[in-house]
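Following the hints, complete the assembly by docking chain B onto the known chain A.
From first to last, the protein sequence lines are chains A and B.
If you count by our numbering, then the first sequence holds residues 36 to 350, one letter each, in order.
If you count by our numbering, then the second sequence holds residues 7 to 400, one letter each, in order.
Worth flagging that the hints you see were computed from the coordinates, not collected in a lab.
Predicted, not measured: the structure shown is a model, and the values here were computed from it.
Everything hinted at is true.
Lysine-lysine pairs mimicking DSSO-like chemistry, simulated, CA-CA at most 30 angstroms apart: (1) B:K163 x A:K139; (2) A:K135 x B:K163; (3) B:K194 x A:K139; (4) A:K137 x B:K163; (5) B:K24 x A:K134; (6) A:K279 x A:K42; (7) A:K306 x A:K215.
Label-pair restraints from in silico Cβ distances: (8) A:E223 x B:R255: 49 to 57 angstroms; (9) B:Y224 x A:L50: 32 to 40 angstroms; (10) A:V49 x B:D210: 24 to 32 angstroms; (11) A:Q38 x B:E203: 34 to 42 angstroms; (12) B:R255 x A:I293: 55 to 63 angstroms.
Backbone N, C-alpha and C define an ideal beta-carbon position, used for all residues, glycine too.
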Amino acid sequence: MEQVWEKAYDFKKVLSKPERLAGGHRMCAGCGGTVTVRTVLRALEEGDRAVIGNATGCLEVSSFMYPYTAYEDSYIHNAFENAGATLSGVETAYNVLKKKGKIKENFKFITFGGDGGTYDIGFQSLSGAMERGHDMVYVCYDNGAYMNTGTQRSSATPQYADTTTTPAGKVSAGKVQVRKDLAAIIAEHHVPYVGQSTFTANFKDLYTKAQKAIYTPGPAFLNVMSPCPRGWGYEPSEMMNICKLAIDTCYWTMFEVIDGKWVLNYEPKNKLPIEDFLRPQRRFNHLFKKENEELISLFQAEVDKRWEELRNRCE
Amino acid sequence: MAIRERLSGNEAVAYAIKQINPDVMPAFPITPSTEIPQYVANYIANGEIDTEFIHVESEHSAMSATVGASAAGARAVTATSSCGMALMWEELYVAASNRLPIVLALVNRALSGPININADHSDSMGARDSGWIQIYAESNQEVYDNYIQAFPIAENKNVHLPVMVCQDGFITSHGVENIMLIEDDKVKAFVGEYEPEHYLLNADERIAVGPYAVSNYYMETKRGQREAMLNAREVILEVAEKFEKMTGRKYGFFEEYRMEDAEYAVVIIGSAAGTCKAAIEHIRSTTGKKVGLIKIRVFRPFPEEEIARALANVKAVAIMDRSEMFAGTSGPLGAEVRAAMYQAHAKAEVVNYFYGLGGRDITVSDFERVYENLEKMAETHTAIGMYDYIGLRQ
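For reference, chain A alone in the conformation it holds in the complex (with noise of 0.2 angstroms):
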């Protein structure tokens, strides 16, 4: 049988598809976080019933706010930190009602949060529900700090970036630890499909991993680099860009592990200099100073081992 994600990828024709984030929310112009929404619910397939999660976070305050919903499909929040088990319990009760014959229609259970909701504080329910097996995708809109909050770091902010609890200053160059990996911790939990992703050109990518997310059977987890143009410091005309050089360094990898097969989805055919991608955003303009030369090759030495180390994983 042809999966879903088999089909031919036709941009024009999945763009036209109907929105299930319905404009008017108030996320930020130039946000990333509603761009990785929009595309992993276009995923579903017509007529596909879902119930969208989501943790405590920019997308949740700005898109449900009471008494307005921009979501077409069932939508439930509940804390920052309990995404992962909140929607185990949704996808608990479908299975249990289904069999009981009270419902007869089929849903899938789409959960979104932050790196805030997500590697940190829903770190363990994300980690539980992964483990239990429950069908359900958790998308991490990873936006690489605690944005709803002000720029806070996480531990997936960059190192050496200016955030409001990491701020650069005469002693200090930014966060001091590298990012976590979340994407390989969720994958060492051998769950059937673990995809990183971010926008591209056509969108392919991201939708074609959601697409696979969604209709394999059984817990998944999707990474998508999110860009935020208030903590990175952007111009919002520039996401594409940013994410584009994002990929073209290699500081963010396309991958995905599927069954435990590592597949790599995207290697640039120029790889960049880091400074490329730092360059653009207001985070990283100490490490531009004269006296920071030294920091920039340090981040380069971390993208290339860490990109060696994808490519080895890669088949």
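Just chain B now, kept in the frame of chain A:
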């Protein structure tokens, strides 16, 4: 015919769960409530019920998944104790404000620290403001009966609030007592099928649960919860009346024991009421003194006027708290009962004691001394040993 059995309080709750066959039970083990999910897991393993168990990785996730399942349209239950409920704290408020009719079997245990696994009411008393209905029990029979009554109370459309069914850790949870069980078909009929009005998996209606509500809407949701709590008063009594018709066992907001002519009264919650009753019988039979007891069953909603009425004619009252609130003054029951009495212009002398913290034993002779103090208080119009800890090591 009702079934005569011998069960622990935990077994009694698990047996009621088996009879009710709820849709979803997420739970995480914690002493002394651990046996409840264990028994339920056994029923599931042997195909006796078709409840889906969620093996969550914490109590926070237990209540989070219970909230998710309940919002989705399932009848959802869980069980916990002490620090387990402390970890659920945030979710208790979410469950109540989302008006989800969840039933939580709480086996009361002291909160850390120091870590202690024995009975006191610090867990549920700390959660008294979370918007849950709280029903307490003296015996295993009462735990079982309260658990069955919790569903029609929680799910009543004028209530739609979560219910905490509380029992004292180890004292009733592990103590085996004679118990009268109700036949399966009668329990099923009493509890009925759960038919939610609005839920996530409703094919005919899409809903959104858990909004961000700013200052212009938040207060109305709180008023709505208050309204539901007020409605619960009537529903609790209606359900109790129906239950009495089925079983002959009578329940209300509280039990009045030998209060018809009482001059000296104790107000207490939970299993220690049994010890107090023994003291009452001993005092009455040996001295003829008119002593009585009010055992609170429903602490939320708080039956303020009813308690004040029940205490209207006594000369002195001892309010007994099994948890501290570190006000430096009263415990939670002491504060609320006294407020009720003040509002009703009650004339009785009042004293508030602490007892049984972290499972400290309280004996018949302890209660006898309490009643002796009350008698002196009525003569001297002075409280004796206000805020004392009964049975404290010197």
